[in-house]
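Each chain is listed here by its residues.
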Amino acid sequence: MNMLVGRLGPWIGGAIVLIALPYVFSSGFALTLMSQIGLLIVFALAYNMLLGQGGMLSFGHAVYFGLAGYFTIHYLNFIYEEEVPYIPVTLIPLLGGLVGLFFGILIGYVSTRRAGTTFAMISLGFGEMVTALTLVLVAIFNGEDGIQTDRVIGEELFGVTYGPNIEVYYLIAGWCLLCTLAMFLLTRTPFGRISNAVRDNAERVEFIGYSSQRIRWLAFSLSSFFAGIAGALHAVNIEHVGFEQVSVLQSGLVLFMVYIGGTGSFVGPIIGATLLYFLQSTLTGVTEAWVLYLGVMFVAVIMFFPGGLAGLITMHQPIWRVHSRLLAPLLIPYARFFAALVASVLGCIGLIEMLYFRSSRLSTETELIIFGIESDPFSAVPWVVFTGIAVAGGFAVRKTLPSAVSAWNTAIADARALPRG
Amino acid sequence: MNNALTLTGVRKSFGATEIIRGVDMEIRDGERHAIIGPNGAGKSTLYNLISGRFPPSAGGIRLYDTDITNKKAFEINRLGLTRSFQVTNIFARMSVLDNVRCGCLFALGHRYAWWKLVGRLRDLNDRTAVILKDIGLWGKRDLPAGLLSYADQRALELGIAVAGGANVILLDEPTAGMSHSEIEQAVSLIRRISEGKTLVIVEHDMGVVFDLADRISVLVYGEIIATGTPSEIRSSAAVQEAYLGTGAS
Amino acid sequence: MESFIFAMFNGVLYGMLLFLLASGLTLIFSMMGVLNFAHASFFMLGAYFAYQISEGLNFWAALIVAPVIVGLVGAGIERWGLRPVHRYGHVAELLFTFGVAYVIEELVQMIWGRVPVPYEIPDVMAGALFTWQGFDYSIYRVFMLVVSVAIFVALFALLTYTRIGLIIRAAVSDPIHVATLGHDIPRIFMWTFGFGCALAGVAGVVGGNVLGTEPAMAIQLGPIVFVVIVIGGLGSLGGALVAALLIGIVTRLAIFYDYGVGSLILALGLEIDTAGMLRDFTRITTAQVAPVLPYLMLVLMLIFKPRGLFGTRDV
Amino acid sequence: MALIKWVRTFAVMLPVVLVAFSARGADTVKLGLIEPFSGPIAAVGRDTLEIFEFFANEVNQRGGVLGGRHIEIVPLDNAMNAEKTTQQLRKVIDDDIRFVSQGVGSNHALNIIKFLQRHNRRNPDQAILYLNHSAVTTSFTNELCSFWHFRFDANVDMKVAALVTQLGRDPSVQKLYMLNQNYAYGQAFQVAAQQMLAERAPGIELVGDELIVPFGKVLDFTPYIAKIKAAGADTVLTGNWGPDLVRFVKAASEANLDASFYTIYAGIPSSVAGIGAKDGIATRLKQVTEMHENDPLYDQQPAELLDTYDRWRQQTGKSIYSERMRWTIEFFAAALNKAGSDDPALVAAAMEGMTMEGPAGPLVMRGADHQIIFPMVISTMAEDLERPYIYEGDNYEVAFATDGWIMSDAIELPTTCEMKRP
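Chains as they are written, first to last, in my numbering: chain A, 1 to 421; chain B, 1001 to 1249; chain C, 2001 to 2315; chain D, 3001 to 3422.
Take the hints with a grain of salt, since some may be wrong.
What the hints assert, rightly or not - Distance condition first, Cα-Cα at most 27 Å in a straight line; then the derived DSSO-like pairs of lysine-lysine:
no.	chain 1	residue 1	chain 2	residue 2
1	C	Lys-2305	B	Lys-1116
2	B	Lys-1116	B	Lys-1133
3	D	Lys-3175	D	Lys-3338
4	B	Lys-1133	C	Lys-2305
Stated by the list, open to error - Simulated restraints, written as ranges between beta carbons of each label pair:
no.	chain 1	residue 1	chain 2	residue 2	range
5	B	Ser-1188	A	Gln-317	35 to 41 Å
6	B	Arg-1062	C	Gly-2076	39 to 45 Å
7	D	Val-3191	A	Val-84	35 to 41 Å
Stated by the list, open to error - Cβ-to-Cβ under 7 Å is the rule here; a few derived chain B residues that face chain A:
no.	residue
8	Arg-1062
9	Thr-1066
10	Arg-1078
11	Gly-1080
12	Gly-1109
Just so you know, the hints here were simulated from the structure itself, not pulled from any lab data. Where a beta carbon is used, it is the ideal one built from N, C-alpha and C, also for glycine.
Please put together the full structure from these sequences, using the hints given.
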C-alpha cells in the first residue's frame, strides 16, 4: 500500500496542482501562460526522449511540433467547411500526434542512420529546409502570415466548446498529464532501457542483438509523436501557426529548456519548460537583454552543472533518502555561496542593463531603474557600484564555493556510511 | 566433427596495411579455444571480423552452418555469438541491474517492445538475478555501472556478454589489468559461464590460457602459425621460435 | 555558354568564401572532434572588428589585425570555456558552442546596435577590374578570390611541410596516438581553435563588406557552412574545398538556368490540381529554391553516401 | 489565502529589472503597442515605441483627450513570435486596455484581426479596437476587413500603384526587371505590379520577373545582377526589404549596374545604414512614402508641426521617417474627442470617414474598408540636401529628394470589403 502511494503520489499530486492552478492564477494572461507551459512540457519531454534518453542532439525537432500544428489548423478549418470527418477538439491532439509520427518515421529513417554530431547536423538541415518550404509553399503554409482557425467547431461532452480559455487550459492539462505518464512509462520499457543503452554506448548495443539505428529510429518516431501532440495543442491554444513554430529558433528554445532543466532526470524538462517560459514571458517586457541572459544561463549550465537544475536536486537525493537531517549542515555553506552568487549576478545584470541602455536608449526613456534604484548610466557612480558588486561577488563565489562543495562531500560520505533509514 | 566457427582465408587490410593475412581456423563446438600471440598480431582485429564489427577484405566466416561473413554485428549476435571487449565497454550511466537486463532483452524475445514494463517481465528479472549473482554483483545492482571498481566492471562486461545465453562466446583479454586474486576469481567465473558452450578467449596470461583452454591457436603477424592442445603448443618448435621462445610472460 | 562560365566564376568565388569558413571549422573538428556551432559568429566578429578598425585606421590594417583578435578571442573561449566542458563529451561541446553563438550575437548587438554597420569596400578596390558581357567585375571580388586561394595554398603548405602540420595530419587520422607522443594537447587544442576562428575572421573581413555586416549575418551563413563540411566529409579539408565549390557552383547554376520544377512533375505524368493545396509545387523554379539546394544535397548525400564525399572516419 | 497572496506578490515582483516610464497619470486612455522589443529585430519595435511615445506626449502637452485625459502607450513585447502576440492580447484583456496598435509583421496583424474578431463577437462589452500603423497586406481591407481594424498605411496594392504610376511618367523607363521575395507579401507585390503595369504603363517592357527565397537566405545577389544586365533592364522594381534589399542594392552598385531601383522600403533606417550613401546614389535608389523631410512642401506645413519636427530631431537624433505613426496617434486622439467617449465601438464609428490635412492633400480614413487614402511621394536618394538623414545621432550625409507626388485619385483602389458592423 505504501509502495502504491509512493508510486502514484506524484501523479495524483500533479493532477491536483493542475486542477487547482486556474483558481490561483485566473487572469487570461496567466491561463495562456500556463497552457503554453503545459504543452511545452509535453514538447520538452518528447525532446528529452531524444537528447537525455537516446543521446541524440537535434537542432530541428520543432519541425514535428510545427507540422502537426499546421495540419491541425487545416483540419479544423476543413471541419468547418465540412470537407473532412468531424473529430472533436478533445481528440484533435491525437491527430497531431499521428502527423508528428508520420513525419518522424519518414525523416527519422534518413536522419537516424547516424548518431552524434552528424545527426545533429542532419536535423539542422531538415529544420532549415522545412522552414524555407513554409515560405515557398504558400497554399499549405501561407508564408510568413501563417494560418488561422477558430477552435470552436461544436459542442462536445458536458457542453464544452473550447471557446473560453479555461476549457482549453483543462484540455492541455489533461493531455499534458496523459503524455507525461505515457512518456514516463516508456522509459521503463525494454525500448526505453535499450534507448538509454544506445545513448551510453551505441556500439556495444550492436553486440547484444540490437540495431542501434533501429532504436534511434524508433525513439525518434515516438518522440515526434509526442512533439506532434504538443504542436496540435499549441494550434488549439493559439489558433494560429506560423513559420516560427517550425523554425530552428523554436528547436533551440526547447533545447535550452531541456538542457537547463536537466537531461539526466525525468523531471528536468518539466522544470526547464516551466521556468524558462515563465521567465521569457515576464522578462521580455522589462529587459532587452533577455536573450543574452538566456544564452549566458545556458552556457553556465553546460560549464558548471551539466546535470541541469534537476541534476542539482538529484545530487542531494542520496543524502535525504538516508535522513533529511543530514542536509542541515549544508544550509549555511549553501546560503553563503548562494548569497555571493546572487550578488555577483546582480552586479553583472546592472552592468549589462546600463550597457544596453547606452547603446540603444530611446529618447523617451529618461531614466534607467535597476532593482528599484534609479541609475544614471552616463555618470560614473553606478558603474563603480555595480562593478564593485560584481567583482566582490565574484571573489565571494570563489571563496565560498569550496566550503559548499566540501559540505556536500561530507554529507554524501555520511549518507553512505549510514544504513538506509 | 561439427565446428562452431569456421574461418577460411580471412584477410583484412586497413589502407595499405594488411593486418590479417589469410587466417584459416576451426573452433569446435563445445571446446574452450584460446588465441595467443604477441601484441599487434591482430587478435582483436580477428575478433572484430568474426563478431561483425568490420567486414573482412577477403575470405569467409561461418557460424555453424550459417555464412556470417558480411553480416552486421547484431545479426551475428542474434545467431548466437557474443563477445566481450578488451577495453571495458559497458553502459556507464545505467545501473548494474539495467546493464545486465539489456544483455538479456533481445534473447528473451522482448526485442524493441515499448508496450511492456521491464519491471513486470518475470523471465527477464529472474534471468538477470541469476546472472548478477553469478558474477557477484547482486549487492551492487543499483549502482551506476560507471562507478564500479575496475574488476567489477570487467565482471559486468562478462555478465552483459553472456546474459543473452549465446552459444559461442568470444572473450577479449578478460583478465587484463587484474591482480592475482582477481584473476583466480575471473577464471572460475569464466569456467562457470562457459559451461556447455563454445568459448574462444584471447589472453596474455599463459597461466590462464593453459589452465582453461582445450586447444590453442597461435596468431603471429596476421597468420595462424600453429593450432593444437596445450601440450602440443608448448612443444611446438615454430611457436617457441616465434613467440614463447622470446620470453613469454 | 557565357552565362555558364559566368556562373562558374561566381560559384567559385562564393565557394572559396565558404571554404575559408569551412576550413577553420574542419581544422577544429579534425583536431578536437568539436563541431564549432559558433563558427559563423567568429566570422561575424571578424566583420565587425574589421569595420571598427577600418574606421580608425584602414582596411589593410583590419585585414591583418581583425583575424588576430578573432583568433585570440577564440583561443580564450577555448581555454576558459570549452576546455572545462571537454570531459562531458562532444555533444556537450557542441551545445556549448551553440550557446556561445547566442551570446556572441547578443553581445554584438549590445556593442554595435541592432542595425547594420556601414562597413564598405575600400575605395581603391571599388572600381571595375574588367568588364565582361556588360558586367563589371570589381577589383574587390577578384581580391577576395586571391585572398581565399592564398589562404588555401598557405594552409596546404602548412599541413604538408611543417612540423605543426605533421602533428595536425597525424591527429586527423589518429587523435589518440598524438596524445601519447608527448605533445601538450590542451595547448595545441587551444591554438587550433584560435587559428580556426582566425580563418573565420579572415572570411569576415573580406566578406563582411560584400554581404553586409549585421547581427543576423552569422545565423544566415552558419548552417550552410555545416552543410559544406558534412557533404565534404567531416574532417576532410579537401572534401570541404570540393563541397564548398560544389555548393557555390550549384546554387549559382540553379539561378542562371531557371527550370521549373513544376514542368518536371508534369513530365513525370503526375497531375496536380492547380487550385489545390499542392499547387505551389507546379510553380517552383530552381532559382527560387537555390538557397535550399545545399540542404537537399545534404540529405541526398546522407542517404547515399553517409560519410560525405571524402569522409574517412565516423563521428 | 495568505499563501496565494504571497505567491501572487512574488509572481508580480519577480521581474527584477524594472524600466519605468515617466508621466503615468491615473486616468489615462491606454493604447497597447504590441511590437518586438527583444530579439533580432527589436530595433524596429523600439523605434516605433519611441515615435508613439513622443507623439502621444505631444497630444498630452496640447491638453490631452476627452477633456484633459492623457494617452498612455503601453509597450507589449511579442518578440516577433505569433504565440507571444496572442499572449499579449490576453494581457490586454486582463488589464482592460481597449485600444491596441501594431504594424511590424503582417502575420501578427492578421493574428490580431482574427483574434479581435473572435473576442469582440464573444465579448461585445469588452470590445477592443486595433489601429494598424504599418502592416500592408491588402486583404486586411478587402476580404478580411473588420470593423475593429483601421489601417494608417497604404496597402501593398496602393504602394505598387504609386510606383507604377511614377514608372509610367518616367520616359527613361523602357525595360523593367522585377525581383521580389517569395512569400505572401512579395507575391502580392508581384501580382499587383504585373496587373498595374499592363493597365497604367503598357509601353514598358517587362524583361524579367523573379522571385527569390526571402529573409536573408540569398547571400550573394551577383547572379541576379548578371541576369538583369543580360536582360538589358534599365529599371528595377522590387518590394524587397531588410537584408534582401541591402544586399541586392549593394551587389548592383558593385557591378555598376546602370539601372534605377524603385522600392517601397529603401528609407527604413536599417536599410539606409546598411546600403550607405555611395551604393544608394549609384543605383538611383527610390522609395515611396507618405512624406519626407526634403520635400518642397515640408516647409509649407503649419508652424507648430515644424516645431514638433525640430524637437523630434533634437531629442532623438533621428530623421522623421514614419509620418503614418503620427497620423495614427492624431486620428486616435481626434476620434476619441469626436466620440466623446473611450468606448471602442464609438471611437471606431467616429473614425470612419474622418479626414485630416496632409502635406499634399487630405488624409481620408475611408469608411467602407477602414483604409486610409492619401497622396504619396516618390523620392530618390541624393546628396547635399538640406536635412541629411540622421539615425541615433549618426549623420549619413544623404537623404531623399522628391521625384513627384502621386495624388489620391491615382492611388485609391476599389475595395471588396463587406463590412460587418456590430
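Now the hints, each set against the structure:
no. : hint                                : verdict
1   : Lys-2305/C / Lys-1116/B             : violated (37 Å)
2   : Lys-1116/B / Lys-1133/B             : holds (25 Å)
3   : Lys-3175/D / Lys-3338/D             : violated (50 Å)
4   : Lys-1133/B / Lys-2305/C             : violated (46 Å)
5   : Ser-1188/B / Gln-317/A: 35 to 41 Å  : holds (37 Å)
6   : Arg-1062/B / Gly-2076/C: 39 to 45 Å : violated (58 Å)
7   : Val-3191/D / Val-84/A: 35 to 41 Å   : violated (30 Å)
8   : Arg-1062                            : violated (19 Å)
9   : Thr-1066                            : violated (15 Å)
10  : Arg-1078                            : holds (5 Å)
11  : Gly-1080                            : violated (10 Å)
12  : Gly-1109                            : violated (10 Å)
The structure does not agree with the numbered hints 1, 3, 4, 6, 7, 8, 9, 11 and 12 stated previously, though it agrees with the rest.
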